[in-house]
Amino acid sequence: MRRFTQLIQQLETSNKTNDKIAALVSYFSTADERDKPFVIAMFTGKKPKRPVPTALIRQWATELSDIPAWLFAESYHSVGDLSETIALVLPPATHTTDRKLHEWINDLAALNGKTDEEKKEFILQAWDSLDTQERFIFNKLISGNFRIGVSNKMLVNAISKQSDTDSNKIMHSIMGKWNPGEITYDELIAGAHVNTDNSWPYPFCLAYALEAEPASLGGTDEWQAEWKWDGIRGQIVKRNGELFIWSRGEELVTDQFPELHFLKDELPDGTVIDGEILSVKDGQVQAFSILQQRLNRKTINKSQLKDAPIGFYIYDLLEYQGGDIRTQPLSERRRLLEEIVSQIRNTDVAILSPVIAFTGWDELAEIRKGSRDNNSEGIMLKKLSSLYHSGRKRGDWWKWKINPYTVDTVMIYAQKGSGRRANHFTDYTFAVRDGENLITVAKAYSGLTDKEIKEVDSFVKKNAIEKFGPVRTVKPELVFEIAFEGIAESKRHKAGLALRFPRIARWRKDKVAAEINTLDDLRQLLASTL
Amino acid sequence: MALITFTNKGIYCKQGDFYIDPWKPVDLAVTTHGHADHVKWGNKGYLCQELTKPVLLQRLGFDLPVQTLPYNKEISINGVKVSFFPAGHVIGSSQVRLEYKGEICVVSGDYKVEYDGISTAFEPVKCHTFVSESTFGLPIYKWLPQETVFGQIRNWISDNHDQMKTSVLVAYSLGKAQRLIKNLAGDIPIYVHNSIANLNEGFIKAGVDLPETIRITPDIKKDELQKGIVIVPPALADGKWMKSLHHAATGVCSGWMQVRAGRRWRAADAGFALSDHADWPGLLSAIKATEAEKVFVTHGFVSTFSKYLNEIGIPSAEVVTRYGNEDDEEEEILKEA
Numbered sequence: 001m002r003r004f005t006q007l008i009q010q011l012e013t014s015n016k017t018n019d020k021i022a023a024l025v026s027y028f029s030t031a032d033e034r035d036k037p038f039v040i041a042m043f044t045g046k047k048p049k050r051p052v053p054t055a056l057i058r059q060w061a062t063e064l065s066d067i068p069a070w071l072f073a074e075s076y077h078s079v080g081d082l083s084e085t086i087a088l089v090l091p092p093a094t095h096t097t098d099r100k101l102h103e104w105i106n107d108l109a110a111l112n113g114k115t116d117e118e119k120k121e122f123i124l125q126a127w128d129s130l131d132t133q134e135r136f137i138f139n140k141l142i143s144g145n146f147r148i149g150v151s152n153k154m155l156v157n158a159i160s161k162q163s164d165t166d167s168n169k170i171m172h173s174i175m176g177k178w179n180p181g182e183i184t185y186d187e188l189i190a191g192a193h194v195n196t197d198n199s200w201p202y203p204f205c206l207a208y209a210l211e212a213e214p215a216s217l218g219g220t221d222e223w224q225a226e227w228k229w230d231g232i233r234g235q236i237v238k239r240n241g242e243l244f245i246w247s248r249g250e251e252l253v254t255d256q257f258p259e260l261h262f263l264k265d266e267l268p269d270g271t272v273i274d275g276e277i278l279s280v281k282d283g284q285v286q287a288f289s290i291l292q293q294r295l296n297r298k299t300i301n302k303s304q305l306k307d308a309p310i311g312f313y314i315y316d317l318l319e320y321q322g323g324d325i326r327t328q329p330l331s332e333r334r335r336l337l338e339e340i341v342s343q344i345r346n347t348d349v350a351i352l353s354p355v356i357a358f359t360g361w362d363e364l365a366e367i368r369k370g371s372r373d374n375n376s377e378g379i380m381l382k383k384l385s386s387l388y389h390s391g392r393k394r395g396d397w398w399k400w401k402i403n404p405y406t407v408d409t410v411m412i413y414a415q416k417g418s419g420r421r422a423n424h425f426t427d428y429t430f431a432v433r434d435g436e437n438l439i440t441v442a443k444a445y446s447g448l449t450d451k452e453i454k455e456v457d458s459f460v461k462k463n464a465i466e467k468f469g470p471v472r473t474v475k476p477e478l479v480f481e482i483a484f485e486g487i488a489e490s491k492r493h494k495a496g497l498a499l500r501f502p503r504i505a506r507w508r509k510d511k512v513a514a515e516i517n518t519l520d521d522l523r524q525l526l527a528s529t530l
Numbered sequence: 001m002a003l004i005t006f007t008n009k010g011i012y013c014k015q016g017d018f019y020i021d022p023w024k025p026v027d028l029a030v031t032t033h034g035h036a037d038h039v040k041w042g043n044k045g046y047l048c049q050e051l052t053k054p055v056l057l058q059r060l061g062f063d064l065p066v067q068t069l070p071y072n073k074e075i076s077i078n079g080v081k082v083s084f085f086p087a088g089h090v091i092g093s094s095q096v097r098l099e100y101k102g103e104i105c106v107v108s109g110d111y112k113v114e115y116d117g118i119s120t121a122f123e124p125v126k127c128h129t130f131v132s133e134s135t136f137g138l139p140i141y142k143w144l145p146q147e148t149v150f151g152q153i154r155n156w157i158s159d160n161h162d163q164m165k166t167s168v169l170v171a172y173s174l175g176k177a178q179r180l181i182k183n184l185a186g187d188i189p190i191y192v193h194n195s196i197a198n199l200n201e202g203f204i205k206a207g208v209d210l211p212e213t214i215r216i217t218p219d220i221k222k223d224e225l226q227k228g229i230v231i232v233p234p235a236l237a238d239g240k241w242m243k244s245l246h247h248a249a250t251g252v253c254s255g256w257m258q259v260r261a262g263r264r265w266r267a268a269d270a271g272f273a274l275s276d277h278a279d280w281p282g283l284l285s286a287i288k289a290t291e292a293e294k295v296f297v298t299h300g301f302v303s304t305f306s307k308y309l310n311e312i313g314i315p316s317a318e319v320v321t322r323y324g325n326e327d328d329e330e331e332e333i334l335k336e337a
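The listed protein sequences correspond, in order, to chains A and B.
Here full-length UniProt numbering is used: the first residue of the first sequence is 1, the next is one more, and so on.
Here full-length UniProt numbering is used: the first residue of the second sequence is 1, the next is one more, and so on.
Take the hints with a grain of salt, since some may be wrong.
Restricting the straight-line Cα-Cα distance to at most 25 Å, the calculated cross-link-like pairs of lysine-lysine (DSS-like) are [to be verified]:
id: 1; chain 1: A; residue 1: Lys-443; chain 2: A; residue 2: Lys-401
id: 2; chain 1: B; residue 1: Lys-165; chain 2: A; residue 2: Lys-16
id: 3; chain 1: A; residue 1: Lys-475; chain 2: A; residue 2: Lys-383
id: 4; chain 1: B; residue 1: Lys-182; chain 2: A; residue 2: Lys-454
id: 5; chain 1: A; residue 1: Lys-49; chain 2: A; residue 2: Lys-140
id: 6; chain 1: B; residue 1: Lys-142; chain 2: B; residue 2: Lys-288
id: 7; chain 1: A; residue 1: Lys-416; chain 2: B; residue 2: Lys-142
id: 8; chain 1: A; residue 1: Lys-114; chain 2: A; residue 2: Lys-153
id: 9; chain 1: B; residue 1: Lys-40; chain 2: A; residue 2: Lys-461
id: 10; chain 1: A; residue 1: Lys-451; chain 2: B; residue 2: Lys-240
id: 11; chain 1: B; residue 1: Lys-307; chain 2: A; residue 2: Lys-454
id: 12; chain 1: B; residue 1: Lys-243; chain 2: B; residue 2: Lys-165
id: 13; chain 1: A; residue 1: Lys-401; chain 2: A; residue 2: Lys-383
id: 14; chain 1: B; residue 1: Lys-24; chain 2: A; residue 2: Lys-462
id: 15; chain 1: A; residue 1: Lys-462; chain 2: A; residue 2: Lys-475
id: 16; chain 1: B; residue 1: Lys-9; chain 2: A; residue 2: Lys-461
id: 17; chain 1: B; residue 1: Lys-205; chain 2: B; residue 2: Lys-221
id: 18; chain 1: B; residue 1: Lys-227; chain 2: A; residue 2: Lys-16
id: 19; chain 1: B; residue 1: Lys-205; chain 2: B; residue 2: Lys-227
id: 20; chain 1: B; residue 1: Lys-182; chain 2: B; residue 2: Lys-53
id: 21; chain 1: B; residue 1: Lys-307; chain 2: A; residue 2: Lys-462
id: 22; chain 1: B; residue 1: Lys-81; chain 2: A; residue 2: Lys-461
id: 23; chain 1: A; residue 1: Lys-467; chain 2: B; residue 2: Lys-307
id: 24; chain 1: B; residue 1: Lys-307; chain 2: A; residue 2: Lys-416
id: 25; chain 1: B; residue 1: Lys-240; chain 2: A; residue 2: Lys-16
id: 26; chain 1: A; residue 1: Lys-49; chain 2: A; residue 2: Lys-177
id: 27; chain 1: B; residue 1: Lys-227; chain 2: A; residue 2: Lys-462
id: 28; chain 1: B; residue 1: Lys-307; chain 2: B; residue 2: Lys-294
id: 29; chain 1: B; residue 1: Lys-126; chain 2: A; residue 2: Lys-16
id: 30; chain 1: A; residue 1: Lys-177; chain 2: A; residue 2: Lys-281
id: 31; chain 1: A; residue 1: Lys-114; chain 2: A; residue 2: Lys-47
id: 32; chain 1: B; residue 1: Lys-14; chain 2: B; residue 2: Lys-81
id: 33; chain 1: A; residue 1: Lys-16; chain 2: B; residue 2: Lys-222
id: 34; chain 1: A; residue 1: Lys-451; chain 2: B; residue 2: Lys-222
id: 35; chain 1: A; residue 1: Lys-462; chain 2: B; residue 2: Lys-9
id: 36; chain 1: A; residue 1: Lys-140; chain 2: B; residue 2: Lys-142
id: 37; chain 1: A; residue 1: Lys-461; chain 2: B; residue 2: Lys-24
Just so you know, the hints here were simulated from the structure itself, not pulled from any lab data.
The following block holds chain A by itself, in its conformation from the complex (with noise of 0.2 Å):
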C-alpha cells in the first residue's frame, strides 16, 4: 500500500504528463508483481462491488472524530472529497502496516455478505493502521471512484513504455474482460485473455475539433463529410454467434438497446462496426433529450421503447471477415462497409451513415447551417486516406461543430467547487428573466480563467445576501453568457425547461442584469427545436 500511495502522491504533486508517465513506469517496474493488475482495474474504471455503502463510512468516521454530524459536514464542504475528508479528521493512528494493496482490496470483497458490525470492526482497525496519505488511498479502494488525472491513453503509454509492447496492443487488452484477481501483469500486457474473449472492442478513434477554416485542409476531393450526429458512439461486435454492443466509455450495452440485437443474425462472424446510437422515429433523427429516456437504464419499459426507439448510425468497419483492417485506408473501409450493410434486411434501424456530396468548402458550409433540422451537430471531416487511429491524432478526422446556442444570464447562486477548487467559489447557477423574477435555467463551473475564478470568488465574498450550507446567494449583478448544445422539457426543472452542456462562454462584463435574456426567449427555441 505504500508503494501506491506514493505513486498517487507523485501523480497528484505534478501536472506535467511527462512526469506522470515517469511515475507510473516506474511504479510498474517496481511494484508487488499482484499489486499491479489492480492498478491498472481502478486506473481505467473497472470497479469492485462497493461492500460498505458510503452513508455507514462517513457515520463511523463522525463517530471516531468525535465531532458533531453538521461539522464533519462543513469539513467536508471544505475539502470537497469525502473519502479525504474522513482520512483528515480521524484520530492519529496508533500502529503501522505493511499489507499490500491487493491484500486490501480482496480484504474488502471479502467483506460482501459480512454484517455491519463485521464491516465496521474491519474498517476501524484498518484506519487505525493507516497514516493520513495511506488513509484516503483506502477509503477510495472502498467507494472504487480513482479519478487522479490518469488518463487511459497516459496509462496505456506508461505500460507501452515500460513493457517496451505496442500501445494498441496494451490498449486492446486493458479494454477487455479481465478480472485483476485472476491475471498477471505479463498475461495482461501480453493480451493472453484477449483472444479468448469474443466481446473486445478496438479503441475508438476519435476527432479534434476544427478550429480553422476547412479551406486549410486542402481539396475536398480527400475528403469524407458525413453529419455529426448527437447520440452515444457506439461499438457492435459480432463474432463466434454472438453480439455485443460497447459505449464509448468502455462499457458494454448490450441489454440497454434490443432494437440492436437483430443485428446478430444479419452480421457475419468477425465483423466489427463503429457508429452512433440515437433514437430514430420515423427515418427522423431525435433530440438528444429524446434518447436520454434510454440511457443508463437497466429495465426498459413499452412505453420507453415507443417513445425513444433506437437506431444505430453506422460510420465504419473495423473488423471484416475476422481480420483486423483498421489499417486500411478509410476509402476502403467504406466500401468494404457499404458491401456488409447491404445485405442486412432492416435498414430502418442499422443504417448507413450518409455521406455528404458536396464540391467546394463553401457549398459544405452553407449545408452545414443546416445541421440543426435534422439534430446533428455539424459536420464530420475524415481523410479518404485515413487509419482507424486509436485514439485522438491530429490531421485525419475533424469535428466541425455548429455553433452552440447561446443565453445572456446573470449569476444567482455560488457554491465552493470541489477538488481543485476545494476552496473558491466556482459553481455558480444562472438565470433569465421571467417578467419580474428571476429564474434559474443553468448550473455552470467551467469556462473561467483562473483569475476570473479569483475575481467571481472576490465579488460572491463581498455581495453574499444569504447563506444555505455552502452555497450562497448573491446580488444578481455578473452577466455571464450562457453557451450549450440543446434544449429539453423538464418537469423537474422550475424553469420547466433543461439546457444541455451549459458552460460559461463569457464574462459580459459589458452588459448589465436588466439586458439578459428572458424565459420566454428560451421557451420560443424549444419550441422550434421540437
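Based on the hints, put chain B in the right spot on chain A.
Chain B only, in chain A's frame:
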C-alpha cells in the same frame, strides 16, 4: 463595561483609549505582530514587543514612532495594565493582555501552540475574555509534529539534488522563512529573496540567533543556486524570476497544503503542511487553557468554530475583522520587490 469593543477601525479599548491591530489610522496602535493584515501605516504611535520593532521599521519606515515592551512586562495606559505574552506565531508575535479593575482580556492576534525553534514559545494566559483567530478552525487541520514535516522537506531537497533540480521553498517573508532557515540550516547554503534578507538583517541586529543566509542578487549564478536551498515569498512564486530558473522544483510551505485541493490550486511540485497558525487541537487547547468565560472568534472559519465552541460549553461570538487577508501581506512584498 467591556474592556474591548469591535469598531470599524479595529479592536478598541475605551478605558485605555487605544486600539489593538487597527486597520484604520488611530492615535495608538498596540500591535500583535508585523504581518500586513495586522499593522497599517499612518497611526500616530505604535506599541509592540521588542522583536516586532525591526519588522515595523523595515516595512513602515525607519522613522516610525514605535515604543516597545519586552514579554511579561506591564505598563499602564490610562489606568489599563497592558502586557505582551508570546503568541508563538512569528518572531516577536504577541498576545496582548489587558487588565482593568480585575477584569482581564487577552487579544491573541495570530498564534500557534507548537514551538517552532525560533519564535518564543506560545504561553497560555488566563483571562475572562479571549479573542482568538480561527484560520484553521476545522477538524481536518491537524498538523504533524514539525520535525516530521522538516524530515519530509529534507528528503524532498535531497531528491531534488539527486535530480539536479533547484529546490525553491515558497514561504512568507516574515515568520515561515525564518522558521525554515533555523530548522534547515546545515551544510547546504540557503539563498533568500530580498524581502526575507532585509527582515533577517533586522532580526540579527536585534539579537535573534538566526543562521547565516545569502541574499539573492542578479550576479548569483543559477548553477550556484542549484546546490543550495532557495526561499522566496508566495508573491514571487509564479513570477518571471522563478521561470528563469532552469529545472526548479517548488515546494509550498503552508497549512493550506494539508488538503489536496490546496496543493493543486497552487500547482506546486510539492506541498508541505507547515503552518504558523494553531491547528484544530491547538486552537481548542489554547482556548481551554485561558479558562475564558467568553471567546470572540475572528478571522478564519469564524462561524463554524464559534458554533462548535458554544456547543462544547464555551460561550463564544463571531466577530468581523479585516485580519486574515493574505493578499495584504503579498502586496507588501510586491512593493518591496
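Checked hints:
no.: 1; hint: Lys-443(A) to Lys-401(A); result: 23 Å, holds
no.: 2; hint: Lys-165(B) to Lys-16(A); result: 15 Å, holds
no.: 3; hint: Lys-475(A) to Lys-383(A); result: 51 Å, violated
no.: 4; hint: Lys-182(B) to Lys-454(A); result: 34 Å, violated
no.: 5; hint: Lys-49(A) to Lys-140(A); result: 13 Å, holds
no.: 6; hint: Lys-142(B) to Lys-288(B); result: 17 Å, holds
no.: 7; hint: Lys-416(A) to Lys-142(B); result: 22 Å, holds
no.: 8; hint: Lys-114(A) to Lys-153(A); result: 38 Å, violated
no.: 9; hint: Lys-40(B) to Lys-461(A); result: 23 Å, holds
no.: 10; hint: Lys-451(A) to Lys-240(B); result: 17 Å, holds
no.: 11; hint: Lys-307(B) to Lys-454(A); result: 28 Å, violated
no.: 12; hint: Lys-243(B) to Lys-165(B); result: 13 Å, holds
no.: 13; hint: Lys-401(A) to Lys-383(A); result: 17 Å, holds
no.: 14; hint: Lys-24(B) to Lys-462(A); result: 19 Å, holds
no.: 15; hint: Lys-462(A) to Lys-475(A); result: 10 Å, holds
no.: 16; hint: Lys-9(B) to Lys-461(A); result: 20 Å, holds
no.: 17; hint: Lys-205(B) to Lys-221(B); result: 28 Å, violated
no.: 18; hint: Lys-227(B) to Lys-16(A); result: 24 Å, holds
no.: 19; hint: Lys-205(B) to Lys-227(B); result: 28 Å, violated
no.: 20; hint: Lys-182(B) to Lys-53(B); result: 20 Å, holds
no.: 21; hint: Lys-307(B) to Lys-462(A); result: 22 Å, holds
no.: 22; hint: Lys-81(B) to Lys-461(A); result: 38 Å, violated
no.: 23; hint: Lys-467(A) to Lys-307(B); result: 15 Å, holds
no.: 24; hint: Lys-307(B) to Lys-416(A); result: 21 Å, holds
no.: 25; hint: Lys-240(B) to Lys-16(A); result: 20 Å, holds
no.: 26; hint: Lys-49(A) to Lys-177(A); result: 16 Å, holds
no.: 27; hint: Lys-227(B) to Lys-462(A); result: 45 Å, violated
no.: 28; hint: Lys-307(B) to Lys-294(B); result: 13 Å, holds
no.: 29; hint: Lys-126(B) to Lys-16(A); result: 51 Å, violated
no.: 30; hint: Lys-177(A) to Lys-281(A); result: 34 Å, violated
no.: 31; hint: Lys-114(A) to Lys-47(A); result: 19 Å, holds
no.: 32; hint: Lys-14(B) to Lys-81(B); result: 13 Å, holds
no.: 33; hint: Lys-16(A) to Lys-222(B); result: 23 Å, holds
no.: 34; hint: Lys-451(A) to Lys-222(B); result: 30 Å, violated
no.: 35; hint: Lys-462(A) to Lys-9(B); result: 19 Å, holds
no.: 36; hint: Lys-140(A) to Lys-142(B); result: 21 Å, holds
no.: 37; hint: Lys-461(A) to Lys-24(B); result: 21 Å, holds
In this structure, the hints that do not hold are numbers 3, 4, 8, 11, 17, 19, 22, 27, 29, 30 and 34, in rising order.
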